[in-house]
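Sequences are here, hints too, so could you generate the full structure?
These protein sequence lines are chains D and Z, in that order.
Here the first sequence stands for residues 0 to 253, where the numbers follow numbering that gives the first Met the number 0.
Here the second sequence stands for residues 0 to 313, where the numbers follow numbering that gives the first Met the number 0.
You may find that some hints are simply not true.
Derived DSS-like pairs (lysine-lysine); straight-line CA-CA distance at most 30 Å [to be verified]:
#1 Z:K14 - D:K241
#2 Z:K153 - Z:K53
#3 D:K241 - Z:K53
#4 Z:K109 - Z:K129
#5 Z:K109 - Z:K171
#6 Z:K286 - Z:K265
#7 D:K241 - Z:K72
In case anyone wonders, no lab produced these hints; they're calculated from the structure.
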Amino acid sequence: MNRVLTLAAYNVSTLLSERTWFFLAWALFGLQIAVYGSLMSKLVSTAVPNYLFFYAIGLMVITVFDSGADVGRHFVEHAHEGELPYFLSLPVSRGGFLAAQAIYGVANTMIKVLPPLLGVLWFVGDLTIQGAVFALISMFLLGLGITGIMVSMSFIAFKSVDIYSAFLAGLSALIVRFSTVFYPLIFMPSFYSPISVLSPLTYGADLTRWVLGFDPNFLLNPIIAAAVVTGVAVGTLSLSAKIVDKVIEGVKAA
Amino acid sequence: MFAVETLNLAKRYGKTDALRGLNFTVNEGEIMVILGPNGSGKTTLLMILCTILKPTSGTAKVVGIDVVEEGTKVREVMGIAFQEARGFWRHKPSSILRFHASMFDIDPAKRQDLIERTMKDLELWESRDKMFMHLSGGQAKRLETAKVLIQQPKLAIFDEPTSQVDLRGKRKIWDKIRELRDQGSTIIVATNEVREAEYLADRVTILHEGNRVVCDTIPKLKDAIAGGDIVEVDFEDPVPEKLVQDLNGLGGEVSLLPESNQLRAKVSKAEDWVPRMTSASYVAGAKIASIRITEPSLDDVFLHFTGKALADQP
Numbered sequence: 000m001n002r003v004l005t006l007a008a009y010n011v012s013t014l015l016s017e018r019t020w021f022f023l024a025w026a027l028f029g030l031q032i033a034v035y036g037s038l039m040s041k042l043v044s045t046a047v048p049n050y051l052f053f054y055a056i057g058l059m060v061i062t063v064f065d066s067g068a069d070v071g072r073h074f075v076e077h078a079h080e081g082e083l084p085y086f087l088s089l090p091v092s093r094g095g096f097l098a099a100q101a102i103y104g105v106a107n108t109m110i111k112v113l114p115p116l117l118g119v120l121w122f123v124g125d126l127t128i129q130g131a132v133f134a135l136i137s138m139f140l141l142g143l144g145i146t147g148i149m150v151s152m153s154f155i156a157f158k159s160v161d162i163y164s165a166f167l168a169g170l171s172a173l174i175v176r177f178s179t180v181f182y183p184l185i186f187m188p189s190f191y192s193p194i195s196v197l198s199p200l201t202y203g204a205d206l207t208r209w210v211l212g213f214d215p216n217f218l219l220n221p222i223i224a225a226a227v228v229t230g231v232a233v234g235t236l237s238l239s240a241k242i243v244d245k246v247i248e249g250v251k252a253a
Numbered sequence: 000m001f002a003v004e005t006l007n008l009a010k011r012y013g014k015t016d017a018l019r020g021l022n023f024t025v026n027e028g029e030i031m032v033i034l035g036p037n038g039s040g041k042t043t044l045l046m047i048l049c050t051i052l053k054p055t056s057g058t059a060k061v062v063g064i065d066v067v068e069e070g071t072k073v074r075e076v077m078g079i080a081f082q083e084a085r086g087f088w089r090h091k092p093s094s095i096l097r098f099h100a101s102m103f104d105i106d107p108a109k110r111q112d113l114i115e116r117t118m119k120d121l122e123l124w125e126s127r128d129k130m131f132m133h134l135s136g137g138q139a140k141r142l143e144t145a146k147v148l149i150q151q152p153k154l155a156i157f158d159e160p161t162s163q164v165d166l167r168g169k170r171k172i173w174d175k176i177r178e179l180r181d182q183g184s185t186i187i188v189a190t191n192e193v194r195e196a197e198y199l200a201d202r203v204t205i206l207h208e209g210n211r212v213v214c215d216t217i218p219k220l221k222d223a224i225a226g227g228d229i230v231e232v233d234f235e236d237p238v239p240e241k242l243v244q245d246l247n248g249l250g251g252e253v254s255l256l257p258e259s260n261q262l263r264a265k266v267s268k269a270e271d272w273v274p275r276m277t278s279a280s281y282v283a284g285a286k287i288a289s290i291r292i293t294e295p296s297l298d299d300v301f302l303h304f305t306g307k308a309l310a311d312q313p
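Right, here's the structure in full:
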């Protein structure tokens with residue numbers, strides 16, 4: 000366990016050495032909320048009360064998704080920059096290696112999401128410790144699920160980085176658009192909503208909104224949402240553990 | 000028990016066989032050099048031994064531990080210096096070594112001294128605060144070696160440890176590898192550099208197209224080439240014809256050079272042939288002025304066993 004934490008600490012220290020990206024991410028979040036979010040909120044305020052808050056949570060869920068994708072990309076970069084063989088030669092189990100990646104992913108997500116979350120809650124006058132903690136737990140579980148999906152898919156990158164990049168672009172386009180991150184399920188047309196319930200972001204976004212006290216009439220059942228988010232996290236992490244153990248090899252050499 | 004043992008080890012990449020049923024052993028406490036051209040399967044073998052690659056079939060054990068069944072245990076007893084030192088772009092050599100030492104539970108009280116000493120030994124100390132991406136190719140290779148040296152594993156693997164390293168640096172790395180062996184580690188060095196193999200090897204395994212061609216000590220490999228040793232003898236006077244006939248009877252192939260007081264003999268073991276030649280010369284009354292013995296090189300050994308020169312390989 001100590002070695003897993005050492006490995007995770009090393010990854011996180013690498014992450015912290017690139018802190019400019021965090022400031023950039025927070026600034027972009029603020030800009031997006033201040034300009035696009037506030038204007039959109041005025042447009043749709045008659046249909047969805049407090050749409051700015053709805054939108055802000057959706058944007059945070061997208062940040063969680065992007066952070067999960069970052070872990071997959073980080074994993075792939077390890078492989079292509081030559082670090083993966085080294086990490087695979089260290090005395091930690093493959094499960095431990097994956098756990099270290101997951102800790103890195105969680106740290107990455109929390110750093111990117113926590114300041115925006117506190118800022119939004121403060122702005123809407125709903126900043127409580129309880130709300131912030133439950134929202135973080137919800138997004139943490141969603142982040143683990145996305146990390147699991149991305150690491151599971153990263154084995155594609157061992158065949159071709161181009162295919163992996165194309166796959167990620169396509170997946171994020173679908174998984175974000177066909178979800179409730181920007182619009183409630185009850186407003187979606189009938190051909191659209193059945194696809195949206197397949198996106199894990201739908202459940203993560205609605206669960207986070209629910210724990211922050213958003214009107215439940217616009218959200219999925221929170222028990223189902225919590226079950227799906229937890230199930231996706233456990234399922235995809237188990238799958239990625241198997242893939243890391245059985246499929247991924249650090250380098251191919253003759 | 001062998002430090003390393005493989006049985007019918009095979010690795011296939013798509014339609015390419017990198018290893019074809021390899022049987023290979025390394026004794027505890029020896030330096031085994033794996034010699035072979037690019038593409039012979041050296042790196043694939045090393046990657047399987049350190050559990051990064053999985054064999055397609057066959058078994059491999061490190062100090063009796065199966066690399067597939069108990070990979071984590073294998074990784075606890077081995078260390079590898081990779082052929083290409085990459086990654087860690089934004090980290091400094093000293094922090095990379097500190098991380099490596101902590102992963103292998105090097106005593107924290109001794110860690111800093113050990114790292115400093117190793118970096119000084121390998122002439123990396125001046126570059127300790129440079130980012131990895133600013134190191135030269137040779138410095139990056141020395142850093143790879145330093146990782147294994149501070150770890151002092153039971154099995155240390157070096158994959159082409161001195162490629163990109165200057166001559167002085169090569170000698171330093173070689174001496175440190177031998178020192179590591181003297182401290183009790185078993186060493187595997189993969190290389191296609193004959194001089195490296197001759198400097199380091201207790202035994203050499205020649206790999207060719209994923210197969211083990213031969214494995215032995217360097218003197219025995221050289222002796223295995225019939226007529227591989229060349230002995231040139233200068234006499235003070237022209238050589239009697241009778242002496243040439245007598246020497247031809249000793250085995251090998253003896254010829255008289257045009258100068259008539261010089262002989263060239265191609266023999267299997269010069270150390271056996273030369274005393275017999277000097278006795279015969281004494282009996283024949285021929286006075287010897289000088290003797291030069293030339294052994295075959297490992298290049299010649301490789302050529303002998305594979306039919307191809309190391310340098311000709313792709």
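Each hint tested on the structure:
1. Distance hint between K14 (chain Z) and K241 (chain D) is fulfilled; the C-alpha atoms sit about 25 Å from each other, no more than 30 Å.
2. Proposed proximity of K153 (chain Z) and K53 (chain Z) is supported: the alpha carbons are some 21 Å apart, at most 30 Å.
3. Restraint check for K241 (chain D) and K53 (chain Z): satisfied, since their Cα atoms lie roughly 14 Å apart, inside the 30 Å limit.
4. Pair hint K109 (chain Z) plus K129 (chain Z) holds up; C-alpha atoms about 23 Å apart against a cutoff of 30 Å.
5. Distance hint between K109 (chain Z) and K171 (chain Z) is fulfilled; the C-alpha atoms sit about 23 Å from each other, no more than 30 Å.
6. As the CA atoms of K286 (chain Z) and K265 (chain Z) are separated by approximately 21 Å, the hinted pair is consistent with the 30 Å bound.
7. A distance of roughly 19 Å separates the Cα atoms of K241 (chain D) and K72 (chain Z); the hinted pair therefore holds under the 30 Å criterion.
The structure meets every hint from the earlier list without exception.
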